[in-house]
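J.: Residue numbers (this note's numbering), protein chains in the order written: chain V, 333 to 401; chain E, 333 to 401; chain Z, 333 to 401; chain X, 333 to 401; chain P, 333 to 401; chain S, 333 to 401.
These are computed hints drawn from the structure, not numbers from a lab. Since this is a predicted model, take the numbers as computed values, not measurements. It cannot be assumed that every hint is accurate.
Any copy, or any two copies together, can satisfy a pair, since identical chains are not distinguished.
[Said to hold, decoys possible] No farther apart than 25 Å at their CA atoms in a straight line, the calculated lysine to aspartate or glutamate pairs in the DMTMM-like style are these:
id, residue 1, residue 2
1, Lys399, Glu373
2, Lys399, Asp360
3, Lys399, Glu377
4, Lys399, Glu381
5, Lys399, Asp384
There are 6 protein chains.
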Amino acid sequence: MRLSARNQLPARITAINGGQATANVEMDAGGVRLVASITVEAVRELDLEVGDMVTAVIKASDVIVAKED
Amino acid sequence: MRLSARNQLPARITAINGGQATANVEMDAGGVRLVASITVEAVRELDLEVGDMVTAVIKASDVIVAKED
Amino acid sequence: MRLSARNQLPARITAINGGQATANVEMDAGGVRLVASITVEAVRELDLEVGDMVTAVIKASDVIVAKED
Amino acid sequence: MRLSARNQLPARITAINGGQATANVEMDAGGVRLVASITVEAVRELDLEVGDMVTAVIKASDVIVAKED
Amino acid sequence: MRLSARNQLPARITAINGGQATANVEMDAGGVRLVASITVEAVRELDLEVGDMVTAVIKASDVIVAKED
Amino acid sequence: MRLSARNQLPARITAINGGQATANVEMDAGGVRLVASITVEAVRELDLEVGDMVTAVIKASDVIVAKED
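Work out the full structure, taking the sequences as your base and the hints as a guide.
T.: What follows is the structure in structure tokens.
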């Protein structure tokens, strides 16, 4: 399956902090820390665990560019 | 200024493909290709150019996790 | 590959209206019309064409609920 | 009121799983399962309940297209 | 119709800059400038014109908080 | 630091309702109520408190336009 989403970063899960509805999945992508807020249902269904190799997928329209003055 | 957005990736602009309303800004983040779709106004106001060092900013709620079967 | 995104609708592409940076991909999902605004690069790389069977993927945090008064 | 958001799917609420800040509202849209992550405040103010007929509203820029290889 | 989206700002359209697929709609909300990137189809169907009174609708999960150091 | 995000509203925090993973930050922007759903980690790291002056940042592609019939 290929995705129209232009940003796909290989990453390893380093922590999962779950609430009742949402979980924050922390990842390491080649030294850069990433965080994904997803449903707890998704954590369960994908059987996400610390150490898993995953891909962080982000749509191009969700990326903001910041530039130092 | 600090941002609540949890994902902030240092990157270098490698290409800017602009239309009339939207521009796709391509970046290299330590070997990973990123693309941001932003307004042409933002490209102009931030004076974005190929070679610029920038930060790709993404909210945690915009990150999808994908896992191989 | 499994995705954390909770909304995955099977659909058929009915039209692609492309600009220079963005394309609007119209789909039919069992009688409901869907539209996805994606990069023209994604249209090209996925070789999207009218008639293609695809899946419209949407993160749960991007869905608004509307209710009649 | 008309919305610029291009995706509007009639649906019936099948479950509401609320945490302290966020609730996941599950819906059935003509046989397709949808999930919306919204604030618990919105659930309360719209008085959302299982069985309610609602509309799932999604902006075109939030829809990803996936295609099988 | 009521929306789960928590941010609803009354505004007046001050400019519409359309491309082939996307249009940037500029608004004034009580002195604050807003910009919405929407499909050209939405501009046409809602018959949006400079001077129109509209509401800018934004989901709470799409709002980033920035704080000065 | 300048941001490509076109919507930046000065606001004062009026309430913070935190769950385990997500917090809803309520703000007043010149009389208009805003709500941001962000991670509890961001609340902690930015040391957000009621009364703080902040900026609500929203990407143009996340703004929906609504118009009365």
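J.: Now tell me, hint by hint, if it's right for this structure.
T.: Consistency of the hints with the structure:
1. Lys399 to Glu373: Between copies only: 14 Å across chains, 36 Å inside a chain, cut-off 25 Å.
2. Lys399 to Asp360: Classified as both; 23 Å inside a copy, 15 Å across copies.
3. Lys399 to Glu377: between (38 Å within a copy, 11 Å between copies)
4. Lys399 to Glu381: between (35 Å within a copy, 11 Å between copies)
5. Lys399 to Asp384: between (33 Å within a copy, 8 Å between copies)
In summary, this structure violates none of the numbered hints.
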